[in-house]
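Visitor: Now for the letters of each chain:
2 protein chains.
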Amino acid sequence: MLCQPTFVPVGTQASIKSLTPEDFKTIGIEIFFCNTYHLYLRPGDKVIKKLGGLHKFTRWDGNIITDSGGFQVFSLGRETDAHGKLVKISEDGVEFTSHLDGSKHFFTPEKSIQIQHNLAANYIIAFDECTPYPAKKDYATQALDRTHRWAVRSLVEHKKLNKKLKQDLKLYGVVQGSYFKDLRQESAKFICDQDFDGIAIGGVSVGEPKDKMRQAVGWVLPTILKAKKPIHLLGVGEIDDLFDFFGEGVTSMDCTLPTRMGRAGYVLTRDVTGFKYRILPIKYQKDTTPLDSTCNCYVCKNYDKAYIHHLFKTQELLAYRLLTYHNLAFMINTTQLIRNALKNGTFSQLKKEWLGRV
Amino acid sequence: MLCQPTFVPVGTQASIKSLTPEDFKTIGIEIFFCNTYHLYLRPGDKVIKKLGGLHKFTRWDGNIITDSGGFQVFSLGRETDAHGKLVKISEDGVEFTSHLDGSKHFFTPEKSIQIQHNLAANYIIAFDECTPYPAKKDYATQALDRTHRWAVRSLVEHKKLNKKLKQDLKLYGVVQGSYFKDLRQESAKFICDQDFDGIAIGGVSVGEPKDKMRQAVGWVLPTILKAKKPIHLLGVGEIDDLFDFFGEGVTSMDCTLPTRMGRAGYVLTRDVTGFKYRILPIKYQKDTTPLDSTCNCYVCKNYDKAYIHHLFKTQELLAYRLLTYHNLAFMINTTQLIRNALKNGTFSQLKKEWLGRV
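Taken in order, these protein sequences are the chains called E and G.
Its first residue numbered 1380, the first sequence is counted upward by one per residue in my numbering.
Its first residue numbered 1380, the second sequence is counted upward by one per residue in my numbering.
Take the hints with a grain of salt, since some may be wrong.
Any copy, or any two copies together, can satisfy a pair, since identical chains are not distinguished.
[As the list claims (entries may be wrong)] Dumping the calculated DSSO-like pairs for lysine-lysine here, alpha-carbon to alpha-carbon at most 27 Å: (1) K1684 - K1404; (2) K1435 - K1680; (3) K1538 - K1425; (4) K1680 - K1404.
Worth flagging that the hints you see were computed from the coordinates, not collected in a lab.
Next comes chain E alone, as it looks inside the complex:
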């Protein structure tokens, strides 16, 4: 299990943009995140099962985690078509429309778990409904109750499949409850009472302000910590988040931001306030310093801002590769600093140095 602070890069379609598994190792990546919704549509979970599962498919012998597909089903399906609906939720599950070709599909908790067992990552996630922000309390309550019933059904299916397929996948249950304290706390209690291997916190990175996110995580952490299980925070991972949440006991989080920002030319760094800048401005055209003055990754050891500025400005593919590489190395290295500081009792000091606050 993921028992110490771990940042999980996202490789939605079974590939972290532009990087090879050899790069993962050099960067220090221990685990990456794949999206069940995308892989179910392309190439299909049955294809991947036939090819020996996600590890063999991607040639990655480290860990992999897949999500339930729930988040994408809802987020990509929220927009309505001419008939007003792309997602139909029932007690049994969710009917949704493929964003690729408009075809109709139906996910139940059982189906999501079956797909994930076909993909055969190390860690999988129970099927849940991620309510959008803001949500009305009536709806959030209804969705949460359904999510809890789905959690139990996910768990039953998972245990059955682990036995039947002789697999030992680990299942995370998901705490939801939108931005209502009582619902969140009810959810934390309910999910922790089930026999999940780990607890994920969902629905906290859906467009809300960051102080609300921190507040919502704060509502549930005391209960979850008592369960003494690994805690995964879904879809969160800016530099300040690493300090705020690993410091409080979260053990892992995944986020598309470092890779997505890289492809948009944003560089993670300790050199400027806010921990990021864009490589595009003309002032970097002749700048022979590395992307970050403190980073010892392959990119920072070898390249300067001038060349990467040029590559990005001319839309050269190497730009996306180098920025993806650096940003992930920066996340992983910062996480390592946090791990060490937590072990050595110097975490508060480190956090103060980085964020200027405790």
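On the provided structure of chain E, position chain G as indicated by the hints.
Guide: Below, chain G alone, put in the same frame as chain E:
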């Protein structure tokens, strides 16, 4: 100098698409080709000079060759604007319009050589006019005479700059003459009579059928071979070309095809007639064999068609990286086979095995 068969990959904007200099070495790339026109516009030759030249800029300690800018000035400038002209040719040089922002620029032979000395590749090329195919004889004659006068001016400027800047760049003169035997032979004679370090053959990959291309090269090779200088064939490099032209005494050729084809999903291989196939068809979805059954490159040793098919179909950046890598490795390895066969006296046999003809 490039004295034995060498395939030269193209890195137009000072980057071979998606690859690092470390990749160049693993692939076996010895030299790559940069385009003066593009680098003059972005980031500017003066910027690159200030940053220490192309080698330092790109971190590549192998060889680099730049072209004169002539080909792009004409090919990107051929289309006319509302006023009917984007390229104005005079005895002095060529006025052209940037394809990026519509700004006006003027290249003379001296300017082209000055830019190339600023970029400071190992090998540079005299400024020439590359006539389109087909061309009328009157125009081709006029263009050729001007190209010869420009060749002499390029050579004078080059010698001056090598001395002034204490550089030891090597200059290729360019044989032109469109598809007229007498003009081609006149040009070969004229260019070989000048004090160039090497002889390039230009204007033979401009849309003409391949048998015409082979014919045109055949018209000039006997004369050029007598000059006992390295011979570079500009813009040519399909698999059959490697055999046809290295076998006849050409020592190097550059071509964008292997990298461009890779980004379009085409795989170079010995496994099928025509030496290429596309990875996109559904039949590769579960194919666990390597891209090419004979290739020992990093991609073929580690990945299967199924995963690369998936990456390409989902437009993952890694697809372009892996296909670029394999296609270049395939070109370089085939060139190495040809080198060895020419040394060992087994070339005709090798060519017959590959092309089914001598």
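Visitor: State the violated hints by number, sorted upward, taking the hints as numbered earlier in the document.
Guide: none
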